[in-house]
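Colleague: Single-letter residue listing:
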Amino acid sequence: MTSNSFNAAAGIIDEKKYFHLLVEKLRQIVVRPVKLMEVCGTHTMAIGKAGMRGVLPPEVELISGPGCPVCVTADSDIDAFMRLAKDERVILATYGDMVRVPGTEGSLAELKAQGADVRVVYSALEALDFARTEGDKEVVFLGIGFETTAPATAHAIKTAKAENLSNFSIYNLHKTVPEALRVLLEDETTTIDGFILPGHVSVIIGETPYAFIAEEYGIAGAIAGFEPPEIMAAIVKLVKDINAETPVISNLYRKAVRPEGNVVAQNLLREIFTSADADWRGLGVIPGSGLALSKNYEQFDAAQKLGIEKIQVKLHPGCRCGEILKGIIKPRQCPLFAKRCTPENPVGPCMVSSEGTCAAYFLYHGGDGHVG
Amino acid sequence: MCLAVPAKIVEIDEATFSASIDVMGNIRKISVMLTPEAKLGSWVLVHAGQAINVVSDEEARASLEIWEELLRDEQQF
Amino acid sequence: MSDKIRMAHGGGGEMTARLIEQVFYEALGGDFKEANDSAVLELPGGKTAFTTDSFVISPLFFPGGDIGKLAFCGTVNDLAAAGAQPVAISASFIIEEGMDIADLKRIATSLGDVSRETGIPVVAGDTKVVDKGSADKVFITTAGIGIIPEGIDYHPRNIRPGDKIIVSGTIGDHGYCITALREGIAIQSSVTSDCRPLHELVALLCPLAGDVHTVRDATRGGVGTVLNEWARQSGNGILIRETMLPVKDEVKGGCALLGFEPIYLANEGKMLFIVSYNKAEEALALLQSHSAGVDAAVIGEVTAGKPQVIMETEWGTRRVVPVPRGEILLRIC
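Chains as they are written, first to last, in my numbering: chain A, 1 to 372; chain B, 1 to 77; chain C, 1 to 333.
Next up, chain A with everything else stripped away, as it sits in the complex:
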């Protein structure tokens, strides 16, 4: 929608026409049922808000994936940063998305109401500012997000080191996407015929990290933008690839994604972070899917600095987050969906995250999972 001003400036005015033509084309070419996974939470919401499911032919099923960094935050991590928030020495700075996520003993919003110093920020650099001006407190920034967001955290850490800030650290929750896709492909219970690949993660990492999807697993992938015609173009491309049995990784978001990605950002990530195992809610520990602070920057790791231990938490019985995140079932097949688990009283983060699959279905698909 705001791309309108960019598109107008670039001389593009026919997006609506193309959207309708692409929908028509899709109806013509689809020959059998296909399941396409929209990996990214932003795509799930874009699809919901654009009402796209309503115009797809019935053979094309879009399933939502684990690409919502809030949704895949492990319960043990949630409780750990809740404990940090309660610590009187700490100012906990976070993006707004995390504030209503439920821990065992409430959410950050509830802790804030009880007097915890929890502050919502729009950028990691704002958190750095608190550290500069409030020297008697430890500022802990919740580093959450995939490769799109990790560079912003990296920038803050690099700046903190250059300024010798001793009261700034991050609780590191950053994860990377390609390894999670591999886990989905290895899982025999999932059926995915093609991937709509995350547009903005790809801005950073480029096209090559996805090559294995086509080369090793024979599954097609298409990097897509977020406007309806961009998403529809990706779907058409995927169905064509599936029909022709020529699985490739395509980039349909060239205006923002270069084949090599953003090399400056990648270098920054390599400098500040190193690959590590990460615990994904519902998917378990995925090797090499997390970003840990590298040796030179370990002093900024809040867990080490403040001695936070993670305690394993049992998932609420009945919660089928894991299967939903893998696209095996739809939200309405979870017994808790829209009954025990609602945006006001969420059991898990998928229902409260602004991009959670369950939240998207609850809001945009009539609350009962059916298209409204």
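No lab work stands behind these hints: they were computed from the structure.
The calculated lysine to any residue pairs, modelled on SDA-like cross-linking and capped at a C-alpha distance of 25 Å, are:
#, chain 1, residue 1, chain 2, residue 2
1, A, K16, C, T317
2, C, K306, A, R332
3, C, K132, A, E88
4, A, K86, A, T104
5, A, K158, B, K39
6, A, K86, A, A292
7, A, K295, A, Q266
Given the coordinates of chain A, work out where chains B and C should sit on it, guided by the hints.
Modeller: Chains B and C only, in chain A's frame:
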């Protein structure tokens, strides 16, 4: 996974990698550390206070050609 | 008089009297000065509307107004939504110890200014002072009385399938203006609050009498919330068209940047109307003839479908406009 919008750079200090962007009349300060090639007048994709890439209007126009290809019957492009 | 409010200002003695004299009588004038324990009004017979609201907004001052103006207009607009001509307003102030008296005066004057401009008097009021920390500088509670003319009955029970829905102007301006001021967001925007009294605007529709079915101001929760309430209360569906929603470009752009939607942002100078389909054009023309309604537009209609709000997007697709959940938070992901 992330909300990012295209915005035009209306002020830039290349030495400190800081810039001001305009999104339909809203002005905001961001960092252009990740996009050293950005200049005054460039369009950038903004996420979490950072420009993560320069948006190419040539490639945007090229997308239309890709869409035209998809609308034709050939399987490849 | 000291420059900051102290507990003694609320004690009922000399300091209270001076505060009322020098801040409130000055600002609110006329009828407020004449007050005894109660204001006594002579009202014509028939239906009388009575409403109250509290205002706790922060920041107190914003482009386009302040809490004083907001409090007055908020109550006037609630009366207007009932189809009433406002007759009198009351204003009670709960003030936090330590507040700057100059700010209080500015706020009271704002409230008084709108009162004078509209000719709707503030006839009663109260002030209390509470300990530091027990309030956020100042909270204002206003109440209002108005007279509903014969033939006017604005209520959701009148809503029928086929009715048209009209909004009086651009949506989300106030909510966006306040959000952009929040610490940390640091957006420079020229959007100002749309805070203004709308009783005259609504009164323009009186000649349409019973063909105007119901009216509401779209304050907290925005247009999206009001439409959902109407759908629920009337048991009917509502269909709106995204391309018909009047939204300032700046609000659209800022919302995209921050992850909000204009349809859920508060308005303090906009009304929603549901009118008979055959009177919609006429209603629109009447609204557009007033400065408060120049951007008025028909945005959709009431349907016989499920009681939910559906939007036809700019792409020609349809999707649900859900009831907004939770506080508006800054989105990143």
